[in-house]
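A.B. asks: Here is what each chain is made of, one letter per residue.
Protein chains: 2
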Amino acid sequence: LLNASPDLRQQIEATPVLHPREGLRSSPIAGVVLTGGDVDAIAGLLTLRERQRFTVWATQSVLDVLDANSIFEVLARDVVLRVRATSGSPFPLTRPDGADSGLTVELFTVPGKVPLYLEETDAPAITETENTVGAVVSDGASRLFFIPGCAAMTPGLAERLSGADVVFFDGTLWRDDEMIRAGLGPKTGLRMGHMSVDGPVGTMAVFEDVRVRRKVLIHINNSNPMLLADSPEGATVVARGWEVAFDGMEITT
Amino acid sequence: LLNASPDLRQQIEATPVLHPREGLRSSPIAGVVLTGGDVDAIAGLLTLRERQRFTVWATQSVLDVLDANSIFEVLARDVVLRVRATSGSPFPLTRPDGADSGLTVELFTVPGKVPLYLEETDAPAITETENTVGAVVSDGASRLFFIPGCAAMTPGLAERLSGADVVFFDGTLWRDDEMIRAGLGPKTGLRMGHMSVDGPVGTMAVFEDVRVRRKVLIHINNSNPMLLADSPEGATVVARGWEVAFDGMEITT
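Order-wise, the sequence lines are chains A and B. Under my numbering, the first residue of the first sequence is numbered 2, with each subsequent residue one higher. Under my numbering, the first residue of the second sequence is numbered 2, with each subsequent residue one higher.
So here's chain A without its partners, still in its complex pose (with noise of 0.2 angstroms):
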């Protein structure tokens, strides 16, 4: 600061300065809850280190991930704890300390492939196993889902879903071959294991008939032309009752 440009010093002294709320060091996040094992979904870990009381619950594959990679040691295993979640079995989110959160988290299967690092053929399968799993939290009352990565609706899942608070949705593509299209790469959004926004099996189209009282698209690549507020796209999914996820957004039910 001493050096700062004076631009640069009414910045930062503009920046809130956040206090811990308890001791000298401490974060709200009492616990970690993931969904699969790319990057996207576990590097945040590493940014979460050292010496802060958390608990990651994963499913095997996901623990696999991390266990088969050093650099997540970096979570001493004495303060922050792994525990494994089985897909289809509801579990209590409980603080470091074991007082209950009041909320349950279940994990489910949804159509997937292995995350990219591990892919070992040109077109990995899309299957449904515990390497990609939606997340479902519950306070008894209201359910919020989160499957930031889904290859297909299912039946099953449509079933899931219906009467849903919130539902949070992976949006990565407006269309299947967009990232071809655009020139930006050769896959197509299935290749990666994404359903794409729009079209006849679209997210769009496929929850037309799953009664859901919120619906925001997550996990949006910048390709999709729904994140610019003036497109036609970005209109079509506010008429067709979805929002778009932004940095910052609250949920407020």
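No lab work stands behind these hints, which were simulated from the structure alone. Wrong hints could be hidden among the right ones.
For identical chains, the list gives no copy identity; a pair is met inside one copy or between any two copies.
Below are the SDA-like pairs computed for lysine to any residue, each with C-alpha atoms no more than 25 angstroms apart in a straight line [claimed, not checked]:
{"#": "1", "residue 1": "K188", "residue 2": "T110"}
{"#": "2", "residue 1": "K188", "residue 2": "T122"}
{"#": "3", "residue 1": "K188", "residue 2": "V40"}
{"#": "4", "residue 1": "K188", "residue 2": "Q53"}
{"#": "5", "residue 1": "K188", "residue 2": "G24"}
{"#": "6", "residue 1": "K188", "residue 2": "E129"}
{"#": "7", "residue 1": "K188", "residue 2": "E121"}
{"#": "8", "residue 1": "K188", "residue 2": "A124"}
{"#": "9", "residue 1": "K188", "residue 2": "T56"}
{"#": "10", "residue 1": "K188", "residue 2": "L49"}
{"#": "11", "residue 1": "K188", "residue 2": "P97"}
{"#": "12", "residue 1": "K188", "residue 2": "T48"}
{"#": "13", "residue 1": "K188", "residue 2": "S71"}
{"#": "14", "residue 1": "K188", "residue 2": "D199"}
{"#": "15", "residue 1": "K188", "residue 2": "L46"}
{"#": "16", "residue 1": "K188", "residue 2": "R54"}
{"#": "17", "residue 1": "K188", "residue 2": "N223"}
{"#": "18", "residue 1": "K188", "residue 2": "N222"}
{"#": "19", "residue 1": "K188", "residue 2": "V75"}
{"#": "20", "residue 1": "K188", "residue 2": "F55"}
{"#": "21", "residue 1": "K188", "residue 2": "E120"}
{"#": "22", "residue 1": "K188", "residue 2": "D79"}
Values in this document were obtained by computation on a predicted structure and should not be read as measured data.
With chain A fixed as given, assemble chain B onto it according to the hints.
C.D. replies: For chain B alone, coordinates are given in the frame of chain A:
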């Protein structure tokens, strides 16, 4: 943006839009030189994925860390070259297309320890190995040193630094027992592989006899009081000819 609050909308709209310099996607980063295998040295690679051509230079110890952690395979090896650098052997920084940047880099060992998450004993020895290196960048006329972790000044290091134009140097702690006194943790600075800024064998003292044009403290722990512009420690480092690095700092020589 469609759903953003007026405040947030204003903030988003005020954010400068950075366009790629060439093609649909590009980055000015043509190469990355790693000086260690700790999380703060290598985790940033995960945000440079996936199809961006650049070269990673590192010692064998650090390349071994990348090889052992499959998450780094997200940097596809046919796109991101991994090149072994040997301490003491300067190499030209070439662009991915083979073009010469006009810069050479040399890595050199400094006293340090293995990365935290690879520690196998309670108090790993401070040794001078390719686990922890400094880097000197040269354009043939000027020399810039980057040494984010260093447990001690050696006669060899002092000689190497003599006459440098810019030195970025390990400023982790102000005093060796700072974390313990503050109740933030059980480790001394030396235990973490860092020498302290203050004290009779501290960084300010041992640089007194080393002729360097600009000296900048980096890699600063948030317990270090020199970070506060109005602290006596902050005034002391400036009075003794040092600068304290800050986000957005630019160096022109």
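A.B. asks: Go through the copies and call it for K188 and T122: within, between, both or neither, with a Cα cutoff of 25 angstroms.
C.D. replies: within (14 angstroms within a copy, 46 angstroms between copies)
A.B. asks: Please work out whether the CA atoms of K188 and D79 approach to 25 angstroms or closer within one copy, between two copies, in both situations, or in neither?
C.D. replies: Between copies only: 16 angstroms across, 41 angstroms inside.
A.B. asks: Within, between, both or neither: how does the pair K188, T110 come out at a Cα-Cα threshold of 25 angstroms?
C.D. replies: within (23 angstroms within a copy, 43 angstroms between copies)
A.B. asks: State whether the alpha carbon distance between K188 and S71 is at most 25 angstroms within one copy, between copies, both, or neither.
C.D. replies: between (30 angstroms within a copy, 22 angstroms between copies)
A.B. asks: My question is about K188 and R54: at a cut-off of 25 angstroms on alpha-carbon distance, are they close within one copy, between copies, both, or neither?
C.D. replies: Between copies only: 18 angstroms across chains, 40 angstroms inside a chain, cut-off 25 angstroms.
A.B. asks: Checking an output row: K188 and T56, CA cutoff 25 angstroms. Within, between, both or neither?
C.D. replies: The answer is between: 24 angstroms across copies meets 25 angstroms, while 35 angstroms in one copy does not.
A.B. asks: Regarding K188 and L46, is the shortest C-alpha distance of 25 angstroms or less found within a copy, between copies, in both, or in neither?
C.D. replies: between (28 angstroms within a copy, 22 angstroms between copies)
A.B. asks: 25 angstroms Cα cut-off: does K188 pair with F55 within a copy, between copies, both or neither?
C.D. replies: The answer is between: 21 angstroms across copies meets 25 angstroms, while 37 angstroms in one copy does not.
A.B. asks: If the cut is 25 angstroms between Cα atoms, do K188 and V75 qualify within a copy, between copies, both or neither?
C.D. replies: between (34 angstroms within a copy, 15 angstroms between copies)
A.B. asks: If the cutoff is 25 angstroms on CA atoms, where do K188 and T48 land: within, between, both or neither? Let me know, please.
C.D. replies: So K188 and T48 pass the 25 angstroms test across copies only (20 angstroms; inside, 30 angstroms).
A.B. asks: When Cα atoms must be at most 25 angstroms apart, do K188 and D199 count as within-copy, between-copy, both, or neither?
C.D. replies: Answer is within; shortest intra-copy Cα gap is 17 angstroms, inter-copy 54 angstroms.
A.B. asks: When Cα atoms must be at most 25 angstroms apart, do K188 and L49 count as within-copy, between-copy, both, or neither?
C.D. replies: between (32 angstroms within a copy, 19 angstroms between copies)
In this structure, every one of the numbered hints holds.
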